[in-house]
Amino acid sequence: MISRVADHCFWMGRYVERAENAARVLSATHGLALDGELPAHQCWLPVLIVAGEQPAFYERFGASAAGEEEVVQDYMSWDEKNLSSLLRSVGAARENARSIRDLLSIEVWEAVNETHLWLHGQDARNEYAENRFGFYGRLRWHTELVLGLARTTMLHDQALDFVGLGVLLERAGWTARVLDVHHHALLSEGLGDRAAETGLWLAILRACSGYEPFLRHGRGQISGLAVANFLLLEPKFPRSVRYCVQGAGERLSVIRPPQRDELPGGRSLKRLLNLDAWLRQLELPRTDQSALHQVLTQVVDETAAVCNVLGEELLGQPPAAAPTVAAERAG
Amino acid sequence: MSQIAFQSSAVEIAARSVRLFDGYPFLGDTYDELLAPDGAPRPAFHRAMEVLGRKSPDEVRRCQALVDRALLSRGVTFSVYSDSRGTEKIFPFDVLPRMVSAQDWRHIRTGLEQRVRALELFLADVYTSGRIFAENRIPAEVVLASRGYLAQVGGVRPWGGVRIHVAGIDLIRDSAGTWRVLEDNLRTPSGVSYVLENRVMAKRAFPAAFDRARVHPVEDYSARLGDALRSVSPETQAPNVVLLTPGPYNSAFFEHAFLARTMGIDLVQASDLFVDDDRVWLRTTRGPAPVHVIYRRIDDAFLDPEVFRPDSLLGVRGLFRAWQKGNVALANAPGNGIADDKAVYPYVPEMIRFYLSEEPILEQVPTFLCARDDDRAFVIDHLHELVVKAVDEAGGYGMLMGPDSTAEQRDEFRQRIRADPRRYIAQKRIELSSCPTWDGNRGCLVPRRVDLRPYVVSSRSGPWVLPGGLTRVALVEGSYVVNSSQGGGSKDTWVLKV
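The listed protein sequences correspond, in order, to chains B and Y.
Just so you know, we're using this note's numbering here: the first sequence kicks off at 735 and counts up by one.
Just so you know, we're using this note's numbering here: the second sequence kicks off at 76 and counts up by one.
Among these hints, one or two may not hold up.
[As the list claims (entries may be wrong)] Each pair of labels, with its calculated beta carbon distance range:
{"no.": "1", "chain 1": "Y", "residue 1": "P385", "chain 2": "B", "residue 2": "H854", "range": "40 to 50 Å"}
{"no.": "2", "chain 1": "B", "residue 1": "G868", "chain 2": "Y", "residue 2": "V573", "range": "51 to 61 Å"}
{"no.": "3", "chain 1": "B", "residue 1": "T886", "chain 2": "Y", "residue 2": "R222", "range": "49 to 59 Å"}
{"no.": "4", "chain 1": "B", "residue 1": "I840", "chain 2": "Y", "residue 2": "E381", "range": "34 to 44 Å"}
[To be verified] Over the 12 Å line for every Cβ pair with chain Y, so calculated as not near, a few chain B residues:
{"no.": "5", "residue": "P773"}
{"no.": "6", "residue": "I783"}
{"no.": "7", "residue": "Q856"}
{"no.": "8", "residue": "H890"}
{"no.": "9", "residue": "S943"}
{"no.": "10", "residue": "G952"}
{"no.": "11", "residue": "G981"}
{"no.": "12", "residue": "Q1032"}
[What the hints assert, rightly or not] Partial chain B-side listing against chain Y, Cβ under 7 Å, derived:
{"no.": "13", "residue": "M735"}
{"no.": "14", "residue": "I736"}
{"no.": "15", "residue": "E844"}
{"no.": "16", "residue": "N847"}
{"no.": "17", "residue": "E984"}
{"no.": "18", "residue": "S987"}
{"no.": "19", "residue": "L997"}
{"no.": "20", "residue": "E1017"}
{"no.": "21", "residue": "L1048"}
These are calculated hints, taken from the structure and not from any lab test.
The beta carbon of each residue, even a glycine, is placed where N, CA and C say it ideally should be.
Okay, chain B solo, but in the shape it has when bound (with noise of 0.2 Å):
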């Protein structure tokens, strides 16, 4: 497959997985402000955190207003500078799509547009004032379409392996994120109050759509270190770094077999495969917080090495014609 065109594949999954990554973080943390449990600025500048947007946001709005959640969800919404917000990771996803218009189904295509046409037209703005929740789920709604539809109206080749490989270190790097944001809150004791923390975990867990799959796991069983241990960990989660590192690993390991020395990616495959073997044998400790932020802090950074190098080996250089996907990446 050619460089450039793995390169859109790729990038298409992570700008859609962003998005949907988004839309649910932010739909989790209303639902968090809404109870009233936790100050305002606690609940959404770890929003900005996890985007990677504090620096920027920052800058323009003020330390301050990151209490706003009006501000904080419009520039995370809608605003067209914010390279993370649902407005430019649903355009940069269909810029993608188009220029691999010719390996998407006709199936695949119309749900990416529909999802850009819909964020840029009028429906979109009265739910978005109207119905907040209903838009972030109609948002999500639309990006699993999209990936829903790749998955049973394509051919399983190549084509799809790099958009799943793109979803999948995007997803796993979210995760990692959103957990170390809350670290200190996972595994502290008795620090806040029962509800407040209880509201908090069961918030995290709703931001990675792990809230109804953690309690059947664990049986209801509900505690900081039992929630770390099932995002970080659970092999059965599919939104969990260990799940999406391996499931990572084993599409790179399709497009690039372990033993075929004389094909690129080798560097690539070995360091993603070497980060699953780690996580594989990982066992978090108790209650020691520094201990999760250096295990998260090594996730985030593996993976985005991953990805540097993939970019190198396999996908080509970046498309000169599109500049915004150029941008974020060197960002």
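Fit chain Y to the known structure of chain B by using the hints.
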């Protein structure tokens, strides 16, 4: 009475008593494609027109809205600005079809085959022996002064002897209903993807009328083009054919992706290709893969910076040499611009007589060459009744519509013609035929002017004409310019089997 009417409410039946084509405001001195001057459908189209004529304006309005939404959703667009915001517009589609009778189509098809065969022979002759110049049938200076002339192409004999793999020949119809060739497009003619998409839309909008009409299908175009491209491959066992696009910001990117997808070939950009040892390779995730045929949708000038534009970042270094050596086929071949130059156009009938010993089947539009002294003098005195065109421009640009022009515009063109006569031709304005077209503001059908671009695909074994083509329509009242860049739209073209 139709089943639909039977199920409708009394109110709707009353509304439908206004028949769709009643009160159609004919344009004076203009041939209408679907309706005879007495307001009755032309006999050849009776079957479909009977069904269409029973539609109410409200039904047509709903059909038009339905297809507009579907085109947007499917992303059938062209790019308007070359920026990263990706401003795109749907190519306006008018839901009312244009029809061509079986008898007219036989005339067009044989005429186009003849024309493309002669143009192929002309290109081969100019770039090898120059027989037509030696026998004084066409002045050599007219051809060699063309901007499309590429000296480097001299002596190259492309695979399968094909240079015009795809031709788009623009036809118009005058007030007497006579078909005339307006211009030839032999480099990278575009628009065929809209022909195929328009058909999908027309079938959704008017299934019953389409069924009654008995229309030639167009969907096999991509398969035919794929076969033609493989037929000229230097590698016959496993030919690797790719489509070369300038990228997603090109106005025709939708079409490039469409054709690659429907032919099942890779859509590549110049940066995906490289040349090593005069062979062309594709950069893939598993290392280089050989390329044998390139259906390129970029201009000659941007093919290969080594040959054409040393300053250009576009193109593939060494590609031209690989083609000269016969290691790769380029479709269409470089250098074809001499044959669709507007100053060469008046000589095409002479080419047909010279190479084929046949009389031309299709008429042309009488043309004045400003490079000729007599012609130029006439043109300069009669600008107010002529259409002046730059020989190397397209898309409705570089043009003077004499009858609609101001005195200043005519003065400007007079100066331009005197400064560079070779660059201009002039033609009498033809009253392009009209076709009933939906006007959403007025809620009725109005006559709008149309042309027709049929597509001719040539393989090793000769030309094939797609039974259909792109009917472009000037959506602006009174306009003669059908180009999409200037307020034009398109219609589905129904070529009838009987």
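Evaluated hints:
Take P385 (chain Y) and H854 (chain B): their Cβ atoms lie about 42 Å apart, and the range 40 to 50 Å holds. Between G868 (chain B) and V573 (chain Y), the C-beta spacing of about 55 Å keeps the proposed range 51 to 61 Å intact. The given range of 49 to 59 Å is respected by T886 (chain B) and R222 (chain Y), whose C-beta atoms sit roughly 51 Å from each other. Separation of I840 (chain B) from E381 (chain Y) is about 39 Å and conforms to the stated range, judged on CB atoms against 34 to 44 Å.
With a least beta-carbon separation of about 38 Å from chain Y, P773 (chain B) lies farther than 12 Å from that chain, consistent with its non-interface assignment. For I783 (chain B), the requirement that its beta carbon stay farther than 12 Å from each beta carbon of chain Y is met, with the minimum near 28 Å. Q856 (chain B), annotated as away from the interface, keeps every beta carbon of chain Y farther than 12 Å; the closest lies near 15 Å. For H890 (chain B), the requirement that its beta carbon stay farther than 12 Å from each beta carbon of chain Y is met, with the minimum near 16 Å.
Listed as outside the interface, S943 (chain B) is consistent with that label: its C-beta sits roughly 28 Å from the nearest C-beta of chain Y, beyond the 12 Å cut-off. G952 (chain B), annotated as away from the interface, keeps every beta carbon of chain Y farther than 12 Å; the closest lies near 41 Å. Look at G981 (chain B): its CB is around 19 Å from the nearest CB on chain Y, clear of 12 Å, so calling it non-interface holds up. Here Q1032 (chain B) stays apart from chain Y, with its beta-carbon at least about 28 Å from theirs, past the 12 Å limit.
Against a cut-off of 7 Å between C-beta atoms, the interface hint on M735 (chain B) holds, since the closest Cβ of chain Y lies about 5 Å away. For the restraint placing I736 (chain B) at the interface with chain Y, the shortest Cβ-Cβ distance is roughly 5 Å, inside the 7 Å limit, so the hint holds. At about 6 Å, the closest approach between the beta carbon of E844 (chain B) and any beta carbon in chain Y falls short of 7 Å, and the interface hint on this residue holds. For N847 (chain B), the interface hint holds, the least distance from its beta-carbon to any beta-carbon of chain Y being 5 Å, beneath 7 Å.
With a least beta-carbon distance of about 17 Å to chain Y, the hint placing E984 (chain B) at the interface is violated under the 7 Å criterion. Taken as an interface hint, S987 (chain B) does not check out: its beta carbon lies about 14 Å from the nearest beta carbon of chain Y, beyond 7 Å. For the restraint placing L997 (chain B) at the interface with chain Y, the shortest Cβ-Cβ distance is roughly 6 Å, inside the 7 Å limit, so the hint holds. This hint is violated: E1017 (chain B) has a C-beta 36 Å from the nearest C-beta of chain Y, more than the 7 Å allowed.
At a threshold of 7 Å, the smallest CB-CB gap from L1048 (chain B) to chain Y is about 5 Å, leaving the interface hint in force.
In summary, the structure is inconsistent with hints 17, 18 and 20 from the numbered list given earlier, while agreeing with the others.
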